[in-house]
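Visitor: Now that you have both chains on their own, put them together as the hints suggest.
Chains as they are written, first to last, in my numbering: chain R, 1 to 391; chain A, 1 to 289.
Incorrect hints may appear among the rest.
Said to hold, decoys possible - Ranges between beta-carbon positions, derived for each pair:
#1 A:Ile98 x R:Gln184: 28 to 36 Å
#2 A:Gly282 x R:Thr89: 46 to 54 Å
#3 R:Thr89 x A:Val128: 31 to 39 Å
Keep in mind the hints are simulated off the structure, nothing from the lab.
All C-beta atoms in this analysis are idealised placements derived from N, C-alpha and C, irrespective of residue type, glycine included.
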Amino acid sequence: MRFGQRLLWVLVGCIAATLSASDLAAQSTPVKIGLAAAMSGGSAASGEAIRRGLLIAIDEVNAKGGVLGGRKLELVVRDDEGNPTKGVTIARELVERERVAAVFGGLHSTVALAQVPVWHELKTPYVGAWAAATNITRNGHAPNYVFRVSGNDDYVDKFLVGYATERLRKAKPALLLENTPWGQSNEAGLTKWFADRGLKTVGVEKFNWNDPDMSPQLLRLRQQGADLVVLVANAPEGAQVVKSKAKTGWEVPVLSHWGISGGRFPELAGELSDGVVFFQTYSFFGSQNERGQYVLRVLREKFNVKGPEEVTAPVGTANAYDGMHLVAMAIEQAKATDGPKVRDALENLQGEYRGLIKTYRRPFTSEQHDALTDQDYLMVVWKGGKIVPVK
Amino acid sequence: MGIQLLVTGLALGSMYGLVALGYHITWATSRTMNFSQGQAVMAGAVVAYGLHVALGWPFLLTLLGTLVASALFGVVIERLAVRPFFRSASLAWLLATIACGTIAENVAMLTFGKDARAFPSALATRPVLIAGAGVYPQELLVPVVGLALMGGVQFFYHRTFYGKQLKAVAYNPEAAGLMGIHIPRAVMTAYALSAALAGAAGLLLAPLLNVAPTMGTIIGLKAFAVAIIGGLDSAGGILIAGFLYGLIESFVAGYVSTGAREIVGFAVVIAMLVVRPWGLGGARPTRRV
Numbered sequence: 001m002r003f004g005q006r007l008l009w010v011l012v013g014c015i016a017a018t019l020s021a022s023d024l025a026a027q028s029t030p031v032k033i034g035l036a037a038a039m040s041g042g043s044a045a046s047g048e049a050i051r052r053g054l055l056i057a058i059d060e061v062n063a064k065g066g067v068l069g070g071r072k073l074e075l076v077v078r079d080d081e082g083n084p085t086k087g088v089t090i091a092r093e094l095v096e097r098e099r100v101a102a103v104f105g106g107l108h109s110t111v112a113l114a115q116v117p118v119w120h121e122l123k124t125p126y127v128g129a130w131a132a133a134t135n136i137t138r139n140g141h142a143p144n145y146v147f148r149v150s151g152n153d154d155y156v157d158k159f160l161v162g163y164a165t166e167r168l169r170k171a172k173p174a175l176l177l178e179n180t181p182w183g184q185s186n187e188a189g190l191t192k193w194f195a196d197r198g199l200k201t202v203g204v205e206k207f208n209w210n211d212p213d214m215s216p217q218l219l220r221l222r223q224q225g226a227d228l229v230v231l232v233a234n235a236p237e238g239a240q241v242v243k244s245k246a247k248t249g250w251e252v253p254v255l256s257h258w259g260i261s262g263g264r265f266p267e268l269a270g271e272l273s274d275g276v277v278f279f280q281t282y283s284f285f286g287s288q289n290e291r292g293q294y295v296l297r298v299l300r301e302k303f304n305v306k307g308p309e310e311v312t313a314p315v316g317t318a319n320a321y322d323g324m325h326l327v328a329m330a331i332e333q334a335k336a337t338d339g340p341k342v343r344d345a346l347e348n349l350q351g352e353y354r355g356l357i358k359t360y361r362r363p364f365t366s367e368q369h370d371a372l373t374d375q376d377y378l379m380v381v382w383k384g385g386k387i388v389p390v391k
Numbered sequence: 001m002g003i004q005l006l007v008t009g010l011a012l013g014s015m016y017g018l019v020a021l022g023y024h025i026t027w028a029t030s031r032t033m034n035f036s037q038g039q040a041v042m043a044g045a046v047v048a049y050g051l052h053v054a055l056g057w058p059f060l061l062t063l064l065g066t067l068v069a070s071a072l073f074g075v076v077i078e079r080l081a082v083r084p085f086f087r088s089a090s091l092a093w094l095l096a097t098i099a100c101g102t103i104a105e106n107v108a109m110l111t112f113g114k115d116a117r118a119f120p121s122a123l124a125t126r127p128v129l130i131a132g133a134g135v136y137p138q139e140l141l142v143p144v145v146g147l148a149l150m151g152g153v154q155f156f157y158h159r160t161f162y163g164k165q166l167k168a169v170a171y172n173p174e175a176a177g178l179m180g181i182h183i184p185r186a187v188m189t190a191y192a193l194s195a196a197l198a199g200a201a202g203l204l205l206a207p208l209l210n211v212a213p214t215m216g217t218i219i220g221l222k223a224f225a226v227a228i229i230g231g232l233d234s235a236g237g238i239l240i241a242g243f244l245y246g247l248i249e250s251f252v253a254g255y256v257s258t259g260a261r262e263i264v265g266f267a268v269v270i271a272m273l274v275v276r277p278w279g280l281g282g283a284r285p286t287r288r289v
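Excised from the complex, chain A in its bound form (with noise of 0.2 Å):
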């Protein structure tokens, strides 16, 4: 029982590090976070379902048409919901990216409809053991994608020329548009990159979840609180908060009781929100005198 415990929370937490990392990439550049992150899974989901099943493409035009239609998702985000209120110092950014959210997925039921649909993968119909515990060989894909994507994020910010731009934004935005940076081109980039990236997510979970306008709510929010965890300024403390609260969720629910499951999940949100808000991968901010 343990075993398969800890695969499942494993492969549970791989997904909410993979959407939480959307978190991290808009925040680093803008310090401001598309609340609706769970629907740009959806919709990338949905897409994905759209074009792969409903007009079949193959895998690969899927995803190139997957990756797109989610960046453009996150441009109309950006232009709609956050450049209005970007640096206005007010927190209207917050409600009108969950807004943005509770559309996206009314026009999903509309156009989608409400039933949750198979989207076929070979990776998910037969599960394989490890050491005993069974795991769809989709599941093992999802860390796999994480970890590659966590490393490019990285590689993105610290190593290349435009990255170091997009994190200089955040830091101190006079400056960087001082030096010539479009500071609105910088923070439209960002959102494009995280709703890429949380549809590249939806097309990744859409085996394992089952496609429905409503499937993304729930893995935001635990995604969101395992940013909180990870600490939103660090691609690798969010992926291993992620782990961690996975495995945090698999074992009360199978020692203690699914009802306790989020109750001490968010607990360790706001235990974390106390003692180390800055999360775990992040560092204490520096405070000048």
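Chain R on its own, in the form it takes in the complex (with noise of 0.2 Å):
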């Protein structure tokens, strides 16, 4: 045999056993998920309590076998710092050098919106797992690659509404919201919904943040005889609030956006904040159901968490536990971890979840990216510092 014949042969052999060791490790290769979320910072609590509700689904996910024949998740996570230019250049991180078949989101609406064009055109699925801005998923992209298991604002402001007038029985609802894209867009959504249910609010009035003191807006919504007061803040104004309500000595119940569910509320606002009534997706408080009790376990054994109470940013642990699921039901059903493949299966979910918020059956269509609406929210109100189900 002439030397270059030989060669021809070993370079076959070379390629057929490369071919062959990659069709071998795609068997094996783990599926890689990504979480961009604020992992550092004031939000950081948000960001790691998403990473573990993640985590909890992925290790009993895999416990089953994985996914597509064996292969098993693994979670990839990149810190955004409520930055939305980090956003997308680690979204893009994420999926081109990570080559992630899909990406959740953390609690920032704005890095959220930043990173929507970016899904689509790299043609992979996104799963937001907090930030509730209404025009996240609600984005006129066709196909739509955002889905969100989490709240979002307009159904939020109706579910807020709703429990306004049919179970506190109010009919002069007053705003008070912070002076920011936040505030404008429920105080938008809070008008509409009062109007669906023929009432007009009876003032709106907004505070900065760092305000030292609400008295003043307080006053003016007593003065325009406001029953009710719905709040649009985050834990350290709204503390301010009801720090300013006790000195006017107004006693009017007040229903807030979850800005406030966040654990520092009680400890700024003492004594104060008990029977403040806001929204939530999920509470580890009160009788769980089997995923339920099951979440709580590995928390404590995997994370130290003693009981709900040391649940901190409940939310984010329940919305990413089912996103996670939803999302390796759909890699299944895809029979594949491309984007679109991946995209087309979540809008067509066959088959049922029984997750912890609820049991999901086809959570997502091609109208409606949002899992979890208005009929699936509930209330909770601030307890000694703990939050309890409102009954």
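Guide: See below:
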């Protein structure tokens, strides 16, 4: 045999070996799932809560043999620092370098909105686990790569209005909002849904971040005859609101968006936090279904969380847990990990998933990219520094 | 409603006045100011939180520690941001002090965290009623401390030998130097005093405002407006201007709208600069012909 011919055979052998090896590798390489959320800074607790929810679900799926005939799920975490520019950079990195099959997102609506065009350009499904801005999912793209297992401001406003009018039977609602795009979008939503019930808000007041005293705003609302204050604020300003309310001596019920659900609200407001009602997608307090018990047990064993009162940012964990199971189902159904196929599967999920928050039957359609709506939300109340479901 | 707005305004105003005194102290000596006065307040609150809440020091020790740490902060600002530019007839110290404040804010974010934390105080848990208007006892403490400090500053500058030396530096640095006054040391002392006062203000305001790296920014800016209205040369004028500014804010927010609050407040500053640039309590500068 001539040397050249021998070399040829060796080459052919090499190529064949590589091919079969990569074939084998495809069988056993993990399927990567991305998490792009705030893992540092003031909202770090939210990112960590989402990470825990994802890890618990991933361990469950892997214990049952993974997906696509034996491939394990693997989580890749990137920190968006609450910064939209950073959010876009890590979105690209997760898809282009890490080759993730899907990405979960965090607390900041500004980041999520900035990332929407990226998911569509890279054809990668995104599942929001926290940020609630309405147009994250209702983004005008078709096909739409953005899904969400969390609150949606529009439904939240509808839910709050429903609670205010049906349960509390209030007819003179007033709005007290932070002076930001988040406050503004909820002003529009709340006004819309109150109008839907034939009600007009008697007053709308705003405050800035770090405002020391909200009594003038509250006094104006009282002057205007409000019998309920709907609050859109984060924990520090929410605390200033209830402190100022105590000064003015105005005994008015406060109904709040979930900004005050952060763990610091009872610390900042002290005993005044008692009785403030707000919305959540899930609560680990009270009786739990099987999944709730399981998640709490793993949280205790793996993350040293002693009980529901120590689950910081509970909605992040709950939303991410259910979202991860839905994505795993979609990958199975698509029999692939490429973006368009997983996206299509998410929109047409077959079978049901008995989840933590609810039982999901076809959670997403081409029209509906929010798995949770006002039908699934629940009202909770601060009581002695704990979140308790409203009966 | 009127009485509640009055009480709220006076409480707010005493906060602004207290912080604004810090601008007066350095101005009276060096004709420069620490534009990061608000961040000095924040630094005081953060240090106090660290000592009192995190380390569990008793209150008096916390006060002492906060004053010392804040004075050091003032010395650092003077050395880094003011002295290199002092009397070079440039306004570089202005930007340099702002830069120091921004650095302090970011250091606080890295060490203390971005979350707002509560500074517990028995005087800020339950409001008391005064003529039907609610107020936290802690808020009543602010004007008391403000008045006492104003008196102390006045006494220091007008009645003590060392205070007079500091003032002399402002009037005529060269002559003061020739009289044997160590000018750099005088300016440094003024900055240390000013920052210590800001630290005390931080400790006092912490239970009312929550402790956070960004807590001082707006207060510092509004206190500057107050210092301009009151007159940078007059401690008494600043305190009165503080009350006025707080009342303007509270009544505009209560009777007009929250959005108009800042517009009216800062419009007053501009009006004051046009009509009476030396401020409420300052004296019209004498002109030599």
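Visitor: Does each hint hold? Answer for all of them.
Guide: These are the hints, each one checked on the structure:
1. A:Ile98 x R:Gln184: 28 to 36 Å: holds, 30 Å
2. A:Gly282 x R:Thr89: 46 to 54 Å: Taking Cβ atoms as reference, glycine 282 (chain A) and threonine 89 (chain R) lie about 52 Å apart, which means the hint holds.
3. R:Thr89 x A:Val128: 31 to 39 Å: violated, 53 Å
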